Amino acid sequence: MTNDLARWQFATTSIYHFLFVPVTIGLAFLVALLQTAWYRNQQPEYKRVTKFFGTLLLINVAIGVVTGLVQEFEFGMNWSAYSRFVGDVFGGPLAMEGLAAFFLESTFLGLWIFGWDRLPKRVHLACIWLVAAGSMLSAMFILAANSWMQHPVGYVLNHQGQPELNNVWALFTNPTFLWGYVHVILASLVTGSLVMLAISVWYLRKQREVSAFHHTARLSVLVLLPAILLQMFVGNKLGEIENTYQPVKIAAAEAQWENCKPCSFSAFQVGGGNNDSTPTQVLAIPHLLSILATGTWGGAVEGLNQLQKEDVAKYGPGNYIPDVFIQYWSMRVMAYLGSLIALLALWGAWLIHKGRLDRSKWFLRAGLGAVVTPFIMNTAGWLLTENGRQPWIVQGLMKTIHANSPSVTSTDIWISLIAFVLVYLALGAADLVLMLRYARKGLDPDEGGDADESGSSPPQPTIPALSY
Amino acid sequence: MQLHTVWFVIVSIFWTGFFVLEGFDFGVGMLHTIVGRTDEERRHALSTIGPWWDGNEVWLIVAGAGMFAAFPGWYATMFSALYLALLIVLIALMARGVSFEFKDKSEDPRWRTTWRWAMTLGCVLIPLLLGVGLGDLLNGLPLDSSHNFTGNFFDLLTPYGLFTGVTLLALCLLHGATFLKLRTTDHVRERARAVARPLGWVAIACVVGWVIWTRSVAGGPDVPQPCEILAVLAVAFAARLAITDHDGFAFASSAVAIAALVGSIFIDLYPNVMISSTNTAYNLTVNNSASGHYALVVMTVVAVIFFPLVLIYQGWSFHVFRGRLKSPPAGSEPGRSANVPSPGRS
Numbered sequence: 001m002t003n004d005l006a007r008w009q010f011a012t013t014s015i016y017h018f019l020f021v022p023v024t025i026g027l028a029f030l031v032a033l034l035q036t037a038w039y040r041n042q043q044p045e046y047k048r049v050t051k052f053f054g055t056l057l058l059i060n061v062a063i064g065v066v067t068g069l070v071q072e073f074e075f076g077m078n079w080s081a082y083s084r085f086v087g088d089v090f091g092g093p094l095a096m097e098g099l100a101a102f103f104l105e106s107t108f109l110g111l112w113i114f115g116w117d118r119l120p121k122r123v124h125l126a127c128i129w130l131v132a133a134g135s136m137l138s139a140m141f142i143l144a145a146n147s148w149m150q151h152p153v154g155y156v157l158n159h160q161g162q163p164e165l166n167n168v169w170a171l172f173t174n175p176t177f178l179w180g181y182v183h184v185i186l187a188s189l190v191t192g193s194l195v196m197l198a199i200s201v202w203y204l205r206k207q208r209e210v211s212a213f214h215h216t217a218r219l220s221v222l223v224l225l226p227a228i229l230l231q232m233f234v235g236n237k238l239g240e241i242e243n244t245y246q247p248v249k250i251a252a253a254e255a256q257w258e259n260c261k262p263c264s265f266s267a268f269q270v271g272g273g274n275n276d277s278t279p280t281q282v283l284a285i286p287h288l289l290s291i292l293a294t295g296t297w298g299g300a301v302e303g304l305n306q307l308q309k310e311d312v313a314k315y316g317p318g319n320y321i322p323d324v325f326i327q328y329w330s331m332r333v334m335a336y337l338g339s340l341i342a343l344l345a346l347w348g349a350w351l352i353h354k355g356r357l358d359r360s361k362w363f364l365r366a367g368l369g370a371v372v373t374p375f376i377m378n379t380a381g382w383l384l385t386e387n388g389r390q391p392w393i394v395q396g397l398m399k400t401i402h403a404n405s406p407s408v409t410s411t412d413i414w415i416s417l418i419a420f421v422l423v424y425l426a427l428g429a430a431d432l433v434l435m436l437r438y439a440r441k442g443l444d445p446d447e448g449g450d451a452d453e454s455g456s457s458p459p460q461p462t463i464p465a466l467s468y
Numbered sequence: 469m470q471l472h473t474v475w476f477v478i479v480s481i482f483w484t485g486f487f488v489l490e491g492f493d494f495g496v497g498m499l500h501t502i503v504g505r506t507d508e509e510r511r512h513a514l515s516t517i518g519p520w521w522d523g524n525e526v527w528l529i530v531a532g533a534g535m536f537a538a539f540p541g542w543y544a545t546m547f548s549a550l551y552l553a554l555l556i557v558l559i560a561l562m563a564r565g566v567s568f569e570f571k572d573k574s575e576d577p578r579w580r581t582t583w584r585w586a587m588t589l590g591c592v593l594i595p596l597l598l599g600v601g602l603g604d605l606l607n608g609l610p611l612d613s614s615h616n617f618t619g620n621f622f623d624l625l626t627p628y629g630l631f632t633g634v635t636l637l638a639l640c641l642l643h644g645a646t647f648l649k650l651r652t653t654d655h656v657r658e659r660a661r662a663v664a665r666p667l668g669w670v671a672i673a674c675v676v677g678w679v680i681w682t683r684s685v686a687g688g689p690d691v692p693q694p695c696e697i698l699a700v701l702a703v704a705f706a707a708r709l710a711i712t713d714h715d716g717f718a719f720a721s722s723a724v725a726i727a728a729l730v731g732s733i734f735i736d737l738y739p740n741v742m743i744s745s746t747n748t749a750y751n752l753t754v755n756n757s758a759s760g761h762y763a764l765v766v767m768t769v770v771a772v773i774f775f776p777l778v779l780i781y782q783g784w785s786f787h788v789f790r791g792r793l794k795s796p797p798a799g800s801e802p803g804r805s806a807n808v809p810s811p812g813r814s
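As they're listed, the protein sequences go chains R and S. Mind the numbering: the first sequence is residues 1 to 468 in the working numbering, read in order. Mind the numbering: the second sequence is residues 469 to 814 in the working numbering, read in order.
FYI, nobody ran anything at the bench for these hints, they're computed from the structure. The structure presented is a predicted model; accordingly, all values stated were derived computationally and were not measured. Worth double-checking, as some hints may not be accurate.
With a straight-line Cα cutoff of 25 Å, these simulated DSS-like cross-link-like pairs (lysine-lysine) come out [what the hints assert, rightly or not]:
{"no.": "1", "chain 1": "R", "residue 1": "Lys206", "chain 2": "S", "residue 2": "Lys794"}
{"no.": "2", "chain 1": "R", "residue 1": "Lys51", "chain 2": "S", "residue 2": "Lys573"}
{"no.": "3", "chain 1": "S", "residue 1": "Lys573", "chain 2": "R", "residue 2": "Lys441"}
With the hints as constraints, model all of the structure from the sequences given.
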């Protein structure tokens with residue numbers, strides 16, 4: 001019970017946290033691009049959209065940072081047995097993240113927000129790039145830590161049977177990490193550009209600030225298109241890697257109970273949960289699973305029943321199959337929504353090529369609606385990767401059931417779970433209200449003129465009242 | 469010096485740095501409704517920490533993550549033992565963090581009052597409860613032979629722990645007042661000076677009391693240790709200078725006072741990191757809670773490369789926004805232009 005509650009809490013808080021993280025990473029990069037454009041062409045509307053999206057970025061960062069603190073503390077609070085057992089390896093990347101990434105991100109964000117009139121333009125531009133770099137670096141360290149839980153490398157077991165780090169390089173060359181990191185960065189770029197696209201097309205539909213949001217609509221499509229196309233390739237590749245190291249995860253994602261050769265891909269099925277190994281196939285594509293999982297026309301894929309037998313032989317009695325329903329559908333949600341977004345990006349690129357992006361009524365509608373999809377895909381991705389690792393907390397080394405804090409009671413976790421849910425709901429509501437209000441408010445008219453180079457005009461009150 | 473001792477020092481520096489830097493942020497957060505009577509003045513008071521508070525907060529993250537990496541046993545026991553206290557700290561950190569961003573985004577007075585309270589209360593609870601936690605490390609908590617906490621929330625509220633929390637709270641208030649005095653002008657600065665006088669006396673009383681109490685808790689000689697003497701001297705200087713015009717020295721003194729007090733806790737603790745009140749044989753020490761040699765070498769290399777860099781660019785950020793912010797004229801209508809830091813352009 002305590003263990004389940006601790007899992008619910010981690011799932012709730014980390015999914016919530018990861019609603020904001022990709023927006024931050026993606027938007028920081030896009031805002032840096034916008035400011036670079038302004039730095040080079042000096043057109044005032046670029047400065048205005050930089051500030052506009054910069055403010056949206058800040059509102060997001062505020063929540064991303066504080067919910068990230070919860071994650072950092074939660075390992076020790078709820079999962080002390082885990083922390084004690086793996087801290088030697090797992091704690092390192094977390095400390096590196098703080099030292100190398102969080103300081104960078106937060107210090108230069110402060111400099112960027114308050115430095116518009118204080119810093120030389122070139123230095124100020126460097127600040128936003130350092131913020132973007134800091135946010136991407138922090139994702140790097142945390143994914144190195146997470147990938148170690150999926151595929152532990154670079155350690156030896158000491159005399160107490162605990163993993164001890166013996167090769168830090170291995171943590172950062174772990175194939176699960178390399179592909180997983182690229183996957184997350186691309187997901188963030190997709191998320192950021194879809195957020196920017198949605199806001200831009202909203203203005204284009206209303207015929208407001210068309211000259212400014214025309215640029216950001218174009219920019220978001222131009223970032224989205226390569227990101228989503230690469231992502232389809234990278235996501236598939238990550239699946240192959242995981243099939244090598246965590247075959248149960250992928251077999252569960254395909255709901256493949258029996259061994260097969262060649263293997264058809266189930267595109268849609270009814271049933272097939274953990275207690276139902278005979279789902280009704282609605283649509284199955286012959287040979288496709290063999291191609292996806294093994295890269296060959298007739299490759300063999302081991303089924304869950306076979307893998308379960310192997311794991312029992314290796315690790316002793318127990319259930320080694322994660323929840324198949326979650327695996328199957330989170331994989332498909334990502335693949336299907338990702339394909340739709342790829343079509344949207346191609347459509348947008350074609351409209352840009354034709355010079356009709358601002359006027360295509362249907363594209364503007366679709367661009368606005370598409371903003372919900374990255375959040376669904378991001379959540380599905382983490383469900384797939386974390387649920388697929390169960391019953392392990394560290395694949396093959398420690399089971400989740402042994403990882404929670406022995407001194408923490410279920411009452412404690414109920415209290416904290418309810419507290420977090422209430423606070424997060426309140427924060428989410430406040431954030432949504434603010435984001436919508438701010439997004440609708442439009443560009444700051446004061447930023448129109450860029451005449452302060454002459455030195456004759458008084459310095460403008462450009463510092464946000466206390467926007468941070 | 470052995471590597472786990474090096475890391476004990478590094479973790480102590482992270483905690484100390486956190487209290488020195490966030491200490492004035494908390495102080496400003498608690499005092500902003502006292503030195504600022506209009507919305508504009510309160511916003512002005514908070515804008516003195518605007519560019520920095522978030523970077524300062526990272527010191528807490530690295531303190532926790534540094535413990536996780538170098539002393540997994542310490543991190544696991546401390547964070548699970550202080551469970552409900554840390555839950556309140558987290559919620560307080562969230563309330564404070566987002567209220568910076570949210571509070572001015574609506575004209576609705578109820579919205580503003582809500583976030584003002586979130587800010588003030590958050591800034592009270594964080595140093596108070598973290599102080600309780602640090603005091604408990606030294607005072608001892610019920611830990612069993614496998615280093616698991618066996619008590620409940622009320623076992624955390626030891627008299628010594630609570631007094632440590634109150635002392636840190638008093639120091640943060642004084643530190644915030646000296647910081648506000650350093651960063652503001654005119655009537656806001658005068659109000660900071662006025663509030664610094666009683667706060668100075670309270671802080672002196674707390675620190676002296678804390679040193680006496682600590683001598684009986686920590687064991688060792690009955691005479692105060694050098695770092696503890698430094699804390700007493702510094703807080704006395706800070707309290708005295710806070711009511712003069714030596715704003716820089718007053719702020720430096722309150723910074724030294726808070727650093728010396730937090731530093732004392734860790735000096736008194738070493739080589740233990742957590743005392744077991746059940747049986748001293750169950751104490752967590754730098755030895756029995758540390759990571760392996762290789763992990764410590766890696767983390768040392770990382771710290772040697774990145775920590776000086778952090779100090780340089782964080783120091784630069786303090787340098788860029790140095791100088792006083794012109795306080796809005798007393799009783800003026802709300803407006804934004806008064807918050808421009810200084811008329812000159814750099």
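Exercise for the section: Just pull the numbers of the violated hints for me, sorted ascending. Expected result: 1
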